[in-house]
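Trainee: Given next are the chains, with one letter for each unit.
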Amino acid sequence: MAISCFSSSLLPPLRFRSPNPNPNPKPKTLAPIRASFSDPFVLSIAEKLEDSLPSSSHPSLQTLRSLSSQSLLSKPWPSRKDEPFRFTDTSFLKAAQIVPVSSSNPSANHTFDSPSSNLLVVVDGHPVPSLSRLSSIPSGAFVGPLSTLPPGPALDRVLAVASSEFPDGDLFWDLNGLGTPDVVVVYVPERARIVDEPLHLVVCSAEGEDVGSGRLPVSNPRVLVVVEKGAELTILEEHLGIGECEGRCYWANSAMEILIGEGGKVKHSYVQRQSSNAAHIKWTFARQEAASTYEIVEVSIGGRLSRHNIHIQQLGPDTVTEMSAFHISQSNQIQDLHSKLVLDYPRGYSRQLHKCIVSDSSGHAVFDGNIKVNRYAQQTDAGQLTRTLLLAPRATANLKPNLQIIADDVKCSHGAAISDLEEDQLFYFQTRGIDLQTAREALVFAFGKDVITRIHYAPLRETLNSRFKELLAAK
Amino acid sequence: MALPLSSPAPCFAPSPSPPKTPPRNSFLITIPTPHRRRRCRHGAVRAAVAVDSPSAEGGGLRAETPNVFLEVKDLRAVIKDSDKEILKGVNLTINEGEIHTIMGRNGSGKSTFAKVLVGHPDYEVTKGSVVFKGENLLDMDPEERSHAGLFMSFQSPVEIPGVSNMDFLRMAYSAKKKTEISPIEFFHYLLPKLEAVKMDTRFLDRNVNEGFSGGEKKRNEILQLAVLEADLAILDEIDSGLDVDALQDVAKALVGLMTPKNSILMITHYPNLLDLISKRCFVHIMEDGLIVSYYQELHIKNCCRNLRSSFPVLKYELQSPTLEHFRQGSS
Ligand SMILES: Nc1ncnc2c1ncn2[C@@H]1O[C@H](COP(=O)(O)OP(=O)(O)OP(=O)(O)O)[C@@H](O)[C@H]1O
Ligand SMILES: [Mg+2]
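Quick mapping for you: the protein sequence lines, in order, are chains A and B. First residue of the first sequence: 156, per the working numbering; consecutive thereafter. First residue of the second sequence: 41, per the working numbering; consecutive thereafter.
Careful: at least some of the hints might be erroneous.
Claimed, not checked - Sample of chain A residues at the chain B side, in silico, Cβ under 8 angstroms:
{"hint": "1", "residue": "Y583"}
{"hint": "2", "residue": "Q585"}
{"hint": "3", "residue": "G588"}
{"hint": "4", "residue": "T593"}
Unchecked claim - Straight-line Cα separation of at most 20 angstroms, EDC-like style, residue types lysine to aspartate or glutamate; simulated pairs:
{"hint": "5", "chain 1": "B", "residue 1": "K257", "chain 2": "A", "residue 2": "E577"}
{"hint": "6", "chain 1": "B", "residue 1": "K218", "chain 2": "A", "residue 2": "E596"}
{"hint": "7", "chain 1": "A", "residue 1": "K624", "chain 2": "B", "residue 2": "D207"}
{"hint": "8", "chain 1": "B", "residue 1": "K217", "chain 2": "B", "residue 2": "D271"}
{"hint": "9", "chain 1": "B", "residue 1": "K120", "chain 2": "A", "residue 2": "E578"}
{"hint": "10", "chain 1": "B", "residue 1": "K217", "chain 2": "A", "residue 2": "D590"}
{"hint": "11", "chain 1": "B", "residue 1": "K257", "chain 2": "A", "residue 2": "D579"}
{"hint": "12", "chain 1": "B", "residue 1": "K218", "chain 2": "A", "residue 2": "D590"}
{"hint": "13", "chain 1": "B", "residue 1": "K120", "chain 2": "A", "residue 2": "D579"}
{"hint": "14", "chain 1": "B", "residue 1": "K173", "chain 2": "B", "residue 2": "E184"}
{"hint": "15", "chain 1": "B", "residue 1": "K216", "chain 2": "A", "residue 2": "D536"}
{"hint": "16", "chain 1": "B", "residue 1": "K120", "chain 2": "A", "residue 2": "D536"}
{"hint": "17", "chain 1": "A", "residue 1": "K566", "chain 2": "A", "residue 2": "D536"}
{"hint": "18", "chain 1": "A", "residue 1": "K624", "chain 2": "B", "residue 2": "E220"}
{"hint": "19", "chain 1": "B", "residue 1": "K216", "chain 2": "A", "residue 2": "E596"}
Please keep in mind that the hints were generated in silico from the structure rather than gathered at the bench. The C-beta atom is built at its ideal place from N, Cα and C for all residues, glycine as well.
Throw the hints in and build the complete structure from the sequences for me.
Mentor: Below, the structure written as structure tokens:
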């Protein structure tokens with residue numbers, strides 16, 4: 156059923172420029188909605204994205220584009236009046252001239268390396284096999300562009316997953332679906348494991364503009380992960396600007412969709428270290444079938460505007476979900492995490508830890524963490540904790556941890572703390588002969604290291620620890 | 041031995057009347073606390089008490105003028121937030137190689153005194169002076185006090201999540217040495233210290249005090265003392281929460297750390313540990329922010345007996361079953 160959606164005949168691609176832009180006869184209401192709600196600014200981005208893409212795309216991509224373009228018609232550019240963007244100012248994007256990255260072949264003159272033998276590089280949204288090395292992928296598994304996934308059960312399954320609806324997706328989710336040049340597919344068949352040599356996904360931007368040029372190249376990398384029954388995957392997802400992009404302006408609008416089959420396990424490390432002038436908007440949408448485990452560890456230190464939306468949905472009982480995040484907001488930086496976890500089945504277990512350092516008066520941290528324990532989610536054990544260190548006067552944090560509990564037999568805890576460093580701890584250092592400055596640095600480092608040590612791969616962990624140290628020293 | 045004072049008679053130091061010339065190898069103790077005379081209303085009062093050097097085993101004979109380590113005069117301190125006065129004119133002198141102890145009921149100000157000495161930011165000194173090894177301690181930052189050779193073990197050591205014990209100790213030692221000590225070099229330095237306090241190396245990888253049991257925290261404090269090799273160690277209830285074996289271990293470790301050159305100020309409710317460390321020490325009683333009395337004895341047992349009769353407050357503590365246990369164990 157769902158698969159049939161992807162036959163391109165059913166849903167022809169939608170062209171924004173066409174005089175009659177909605178040839179899809181099914182949703183009758185679409186035309187009036189478009190008339191009343193379409194935001195000209197959004198439409199202009201959509202048009203530019205569409206023009207930048209080759210018209211001869213793979214049929215499965217055409218379908219994704221059609222679905223996305225229909226959906227974004229009803230979505231205006233977010234303003235501070237919209238709850239999800241109440242504290243997150245996206246006006247600097249709106250003020251810029253947003254241009255799609257040029258579709259020309261991404262420069263191959265970069266070299267990438269990974270301590271893992273499984274490396275996949277995505278440049279400006281394009282998966283680049285020539286820069287990648289996938290030497291220990293188990294048989295039956297597939298890692299690569301959707302357009303190269305051969306027909307067969309794996310493709311059918313991937314398409315079925317991709318076509319399922321995501322009602323919580325916002326404008327940026329849809330823009331990504333419309334603008335992605337190809338989807339990176341990670342397919343792990345039943346009981347297969349990609350763990351000891353994790354999959355290292357490097358998602359980078361190579362096209363950037365000078366600060367002050369007013370132009371903002373946008374790329375739309377998209378990843379789809381399907382981990383079948385009893386299978387295991389450790390995935391390291393790293394976002395950064397390369398080459399001349401370091402320090403320049405660009406907008407990476409990324410999305411990742413994950414489906415974990417029954418008893419499957421996904422350990423997901425997500426690292427954002429974009430240029431300090433970049434915008435980074437990211438979606439992570441995960442669904443978990445019964446008795447599966449999903450662990451996501453996030454470290455976000457880059458970007459001028461960084462927004463991560465996580466949406467995790469349970470599809471069966473006995474699931475385990477763990478989310479940890481560590482953000483640093485330095486001067487003129489905003490780090491925003493909006494997460495939503497929906498528990499619908501019995502005996503779910505979930506933990507969320509959000510930690511954030513705002514080290515400058517112009518830095519800003521936003522956290523909105525919603526955990527919803529629905530009626531049938533009895534015997535759920537859910538915990539949520541957010542801790543923020545404000546290290547400068549007038550540094551700002553807007554925190555909204557919230558547990559919504561409808562089931563009655565549950566164990567839930569949550570807490571929020573905004574503080575400076577603990578006096579008692581600083582004094583303890585001092586009485587052992589360690590000066591205040593060194594003590595502060597050690598405690599700030601420890602604060603972040605707490606999350607960094609959860610990163611699922613030692614070499615990445617060490618790199619991050621030293622990057623974090625450099626950041627603290629540079630201050 | 042200069043003057044055997046095996047008599048059970050209380051021997052509180054009397055008024056500061058001019059003392060007789062003490063015998064060689066002995067010295068005088070005078071306490072200027074005004075409450076003292078009142079407390080000493082019974083028992084023999086002598087013009088002066090002259091005793092052996094109370095230094096630990098191996099202390100040997102000492103010069104006639106003892107080397108003053110710490111001299112606290114009329115120390116008054118308030119809690120910064122509320123201006124409430126906690127220390128109301130404390131006097132105390134500790135010489136090189138001596139073991140002192142402060143006892144007193146809960147809330148009398150013992151920990152506050154210790155914390156003020158190491159420069160805790162919650163308290164403000166309003167009057168008096170503290171001289172440590174000839175320098176004005178009150179002018180120094182807490183870390184400078186540590187570098188000068190002062191150490192305090194906390195009654196409840198704070199947990200420091202995210203900082204490994206190993207890193208913490210190495211930072212402390214590097215700060216003391218004023219140069220970065222490499223992890224390998226430090227490990228060689230540390231190993232014998234770990235053995236001395238009977239601590240497993242796996243405690244090095246754990247975060248400072250995080251999830252440590254009460255006893256483990258206390259052991260960890262002693263390990264820090266061993267690493268820093270302080271001249272004067274203030275041990276605030278280092279013995280509370282320790283089981284029989286741990287108490288023996290801590291006592292052994294302390295004895296191992298003692299040299300004729302360093303001193304201990306121990307805050308405790310039970311003399312057990314003292315008994316294990318040394319038969320000779322100075323005992324002070326603190327009440328409501330003042331050191332109200334002072335006692336010196338060759339044998340802690342006698343000291344306790346006398347204290348019991350003079351301070352009903354301490355009755356329970358000094359008769360506690362554990363005390364008897366240790367008495368038997370150590371005699
Ligand atoms: N920072 C503080 N804020 C408020 N009150 C304090 C503070 N520090 C000490 N006090 C009060 O001062 C008094 C002395 O406390 P202190 O901890 O010095 O007692 P103690 O003699 O060590 O007692 P214990 O035998 O129970 O350890 C107590 O009444 C205590 O509540
Ligand atoms: Mg105390």
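Trainee: If a hint holds in the structure, say so; if it doesn't, say that too.
Mentor: Against the structure, the hints:
1. Y583: Since the shortest Cβ distance to chain B is 5 angstroms, the answer is holds.
2. Q585: At 4 angstroms from the nearest chain B Cβ, Q585 of chain A passes the 8 angstroms test, so the hint holds.
3. G588: 4 angstroms, holds
4. T593: For T593 of chain A, the interface hint holds, since the closest Cβ of chain B sits about 7 angstroms away, which is under 8 angstroms.
5. B:K257 <-> A:E577: 19 angstroms, holds
6. B:K218 <-> A:E596: Judged against 20 angstroms, a Cα distance of about 18 angstroms means the pair holds.
7. A:K624 <-> B:D207: 15 angstroms, holds
8. B:K217 <-> B:D271: 15 angstroms, holds
9. B:K120 <-> A:E578: Cα-Cα ~14 angstroms, so holds.
10. B:K217 <-> A:D590: 13 angstroms, holds
11. B:K257 <-> A:D579: 16 angstroms, holds
12. B:K218 <-> A:D590: At roughly 11 angstroms apart (the allowed maximum being 20 angstroms), D590 of chain A and K218 of chain B satisfy the hint.
13. B:K120 <-> A:D579: Since the Cα atoms of K120 of chain B and D579 of chain A sit roughly 15 angstroms apart, the hinted pair holds (cutoff 20 angstroms).
14. B:K173 <-> B:E184: Holds, because 13 angstroms separates the two Cα atoms, which is no more than 20 angstroms.
15. B:K216 <-> A:D536: 47 angstroms, violated
16. B:K120 <-> A:D536: Judged against 20 angstroms, a Cα distance of about 43 angstroms means the pair is violated.
17. A:K566 <-> A:D536: 5 angstroms, holds
18. A:K624 <-> B:E220: Given that 20 angstroms is the threshold and the Cα spacing comes to 17 angstroms, the pair holds.
19. B:K216 <-> A:E596: 18 angstroms, holds
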